[in-house]
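Those protein sequence lines, which keep their order, are chains A and B.
If you count by this note's numbering, then the first sequence holds residues 401 to 745, one letter each, in order.
If you count by this note's numbering, then the second sequence holds residues 159 to 406, one letter each, in order.
To be clear, the hints were calculated from the coordinates, so they are not data collected in a lab.
In this text, a Cβ means the ideal position worked out from N, Cα and C, and glycines have one as well.
Incorrect hints may have been included.
[What the hints assert, rightly or not] Derived list of chain A stretches under chain B, where covered just means 3 residues or more per stretch with a C-beta under 8 Å from a C-beta of chain B:
#	region
1	574-588
2	610-616
3	700-708
Here is what each chain is made of, one letter per residue.
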Amino acid sequence: MPAKSYDFVKEVLEDYNALAIKSLFRYIPEQEPRRYLYELVSSYPGRPGKGFRPGLCMATCKAFGGTEHLALQSAVAIELFHNAFLVHDDVEDDSDYRRGERTLNAEYGIPIAVNVGDAMNVLSIRPLMENLSLLGPELTWLVFTEVEHMVRQCVEGQAMELGWVHDNDIHLTEEDYLRMTLKKTCWYTIIHPCRIGALIATGGEADLDRFNRFGYYLGAAFQIQDDLLNLIGDKEKYGKEIGGDLWEGKRTMMLIHLLNSATDDEKEWLGHFLSVPRRQRNLQDVENVYRLMITYDSFGYARSCSRNLAGAALKEFFTAYGDLPDTRDKEFLYRIVLYMIEREL
Amino acid sequence: MKGEHYMQEKSKINPKSEPAGEKKGNTAASAIELTSVAQEVFSQIAKSTSRVVQQAASILEEEVAAGIVAAKEVEGKLFDTRDIRKENKEVLFSRFRKDAHEVVDIFMDLVGVAAKYGINLTQRMITFTVPGTKTEEAPVSDVPKLEMPEPMKPGTETEVPMELENKSREVTDVFSMYCTDLISSQGKRIAAGNITFAPDTIKIGPGQTARVTVKVSVPRTTPAGSYSGLVQATNLYQLRAILIIRVV
Numbered sequence: 401m402p403a404k405s406y407d408f409v410k411e412v413l414e415d416y417n418a419l420a421i422k423s424l425f426r427y428i429p430e431q432e433p434r435r436y437l438y439e440l441v442s443s444y445p446g447r448p449g450k451g452f453r454p455g456l457c458m459a460t461c462k463a464f465g466g467t468e469h470l471a472l473q474s475a476v477a478i479e480l481f482h483n484a485f486l487v488h489d490d491v492e493d494d495s496d497y498r499r500g501e502r503t504l505n506a507e508y509g510i511p512i513a514v515n516v517g518d519a520m521n522v523l524s525i526r527p528l529m530e531n532l533s534l535l536g537p538e539l540t541w542l543v544f545t546e547v548e549h550m551v552r553q554c555v556e557g558q559a560m561e562l563g564w565v566h567d568n569d570i571h572l573t574e575e576d577y578l579r580m581t582l583k584k585t586c587w588y589t590i591i592h593p594c595r596i597g598a599l600i601a602t603g604g605e606a607d608l609d610r611f612n613r614f615g616y617y618l619g620a621a622f623q624i625q626d627d628l629l630n631l632i633g634d635k636e637k638y639g640k641e642i643g644g645d646l647w648e649g650k651r652t653m654m655l656i657h658l659l660n661s662a663t664d665d666e667k668e669w670l671g672h673f674l675s676v677p678r679r680q681r682n683l684q685d686v687e688n689v690y691r692l693m694i695t696y697d698s699f700g701y702a703r704s705c706s707r708n709l710a711g712a713a714l715k716e717f718f719t720a721y722g723d724l725p726d727t728r729d730k731e732f733l734y735r736i737v738l739y740m741i742e743r744e745l
Numbered sequence: 159m160k161g162e163h164y165m166q167e168k169s170k171i172n173p174k175s176e177p178a179g180e181k182k183g184n185t186a187a188s189a190i191e192l193t194s195v196a197q198e199v200f201s202q203i204a205k206s207t208s209r210v211v212q213q214a215a216s217i218l219e220e221e222v223a224a225g226i227v228a229a230k231e232v233e234g235k236l237f238d239t240r241d242i243r244k245e246n247k248e249v250l251f252s253r254f255r256k257d258a259h260e261v262v263d264i265f266m267d268l269v270g271v272a273a274k275y276g277i278n279l280t281q282r283m284i285t286f287t288v289p290g291t292k293t294e295e296a297p298v299s300d301v302p303k304l305e306m307p308e309p310m311k312p313g314t315e316t317e318v319p320m321e322l323e324n325k326s327r328e329v330t331d332v333f334s335m336y337c338t339d340l341i342s343s344q345g346k347r348i349a350a351g352n353i354t355f356a357p358d359t360i361k362i363g364p365g366q367t368a369r370v371t372v373k374v375s376v377p378r379t380t381p382a383g384s385y386s387g388l389v390q391a392t393n394l395y396q397l398r399a400i401l402i403i404r405v406v
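Pulled out of the complex, with its shape left as it was, chain B reads as follows:
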């Protein structure tokens, strides 16, 4: 089997990488002989993502989302004042908020909380921009919260309309909203299948808004507690919010 060098392997995988002759400081320059196992592993890179990897990615998102909520709870206990939070939170909690997996220059900003209390409805405005465009408003780095206005009982359903506003000068791709499992501080779960979004697909023009309705069904056997999960959108990777439900 013909050996390949690290940089050659890298060039195949990452077209932006430097050619082998231009690398610097690479002291272990001897060729690595690829075993059959290595070849199989490399072949996985070119293939579409396997089921086990997709599962793992989903689990990681859920666990990190759970970490955001837990961190916020701890943060709330440790720091009471907004000033202290401004000083430290970005550093302390950045690990939970950022995802550099896809470098997408989108930021999302919760600009208004116009909750309507009546027939279990609350309304949120989520504003975002498309990559490469500018907005005059400074981004707020908190992940927005979508909190149900009233506690829910097991076996009941409720709907929450929220507004998405595209403040950029470019139209979005068609995207869908989805949510991870909701997890309580006791580790109990409301499966993701109990949270649905309407309409199924959304596309928002520049400066336009769209209304999305979040419908939550609380299974009959759900223990009481505060449940949280991460709402995200396909094709708008950093459009995300924390959905919070209190079950009594």
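For reference, chain A alone in the conformation it holds in the complex:
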């Protein structure tokens, strides 16, 4: 893969991410309790992240004629919500690594990690409140409505996925997966960051639904790629334990494909494997699931779906951004589509 092809995307992402993280730290109180709260709040945002959400938000704002400054506080709020989700997600999944370092739950235990995640959710409200002086009451309210929808969709999607694991549901379809991904990932990773950026830039004049399909296809392609990387990626680049989703029994596109392709005996065995709590699963069984995925080409199938969706996202790019003047940010938004499914981290 010619890494230089994506240097431009990475540079823009890094610039926007650095801007957002710098601003984000301003919202973390410099007061007690430091050791088990505010110092830990800065833990995940301080680790090297991809910064897709602030990047998409600020780039879209600029592409629509605004400035990154106008969208910065909203981007910070989204990034804080995102990091809160990650902290709680790691607790829910009993994960050990995040962005190349130990998770807060692994390092400090579940109670402290949950409280840190709660704090990040609360802290994300402040930058949205401060939009008032920057954007005025109407736009501030509209951004709030976008964020409210974004957060609610995300927790609903997460509930769907957790419920599948809790109930050991092995009768899922691709449609179930796509719906869950829309709710859990796409609204808050792509659709709402873009919507909010355009909303702010145009003072509420833009038709925000123009981003729905673009964001959904891109977000779904991204999520499938993320799940693939979890199983076949490089731990050093990916930053999480490889195969963690298999240990966890996460209902990924690959696992759902396998469950729908396997023989009755294999499916029965898979059902038993998935019914066992994570810590009681053994390496041999995990490797067996992996081998079955290779046998049924579940990786190839998921990869094909991801690329189909990315193709559809590229097509939708022109609905979302096609009528705008050609700018650096528009080019970034175009190129990020391929980057998001070819990335190794």
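Following the hints, put chain B in place on chain A, whose structure we already have.
Same frame as chain A, but now just chain B:
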């Protein structure tokens, strides 16, 4: 592999785009070398839409439709007066109503609610125009509601005739009506297969009307609740209405 530039890629996909030499403000002008993955992704653009993308599009429509209903419920709780709604609703709820995916200048207007209560029938009039034509009546931006006049019990069926009126000066293409799954506020579903339309295909001349019958079957196991879904038409992308059923 020969590299291609963004604008060249864009020109292939979007014939309306400017040629590469005319672009402005494009500071990252270096050629992007297409990987095999990128080539595969680009090849998907030219192909007919894949199954996974079609599924995703359908799910998005359903979820947005569910959002319309939820938003209206919240709106009803927040704002009681019509005046307040007129001031704010277009801005607040535009995200749920518009779909810029296809720029089709059709609008639909619910102009009459002539409900007939007897043998479970209600009648709706849905008026629309064909792109590029004018109508003297100002469009009403609400998505029309098709609400069953009486609650339904699980295991029963009912039919609702509705009138479609083409107020434009052009004949429509042949189109069909279809509906998404109906979803309750508790997240329960009535699958789309339980909602059918007769006749299967419709074509309406300028100024003409056509009657379409919506038939709804409520499965025996359906929990009580208010269920809503989005009714749409092929080839008339913005001809849409919300179907609402109360199950008791």
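State the violated hints by number, sorted upward, taking the hints as numbered earlier in the document.
When the structure is compared with the hints, none of them turns out to be violated.
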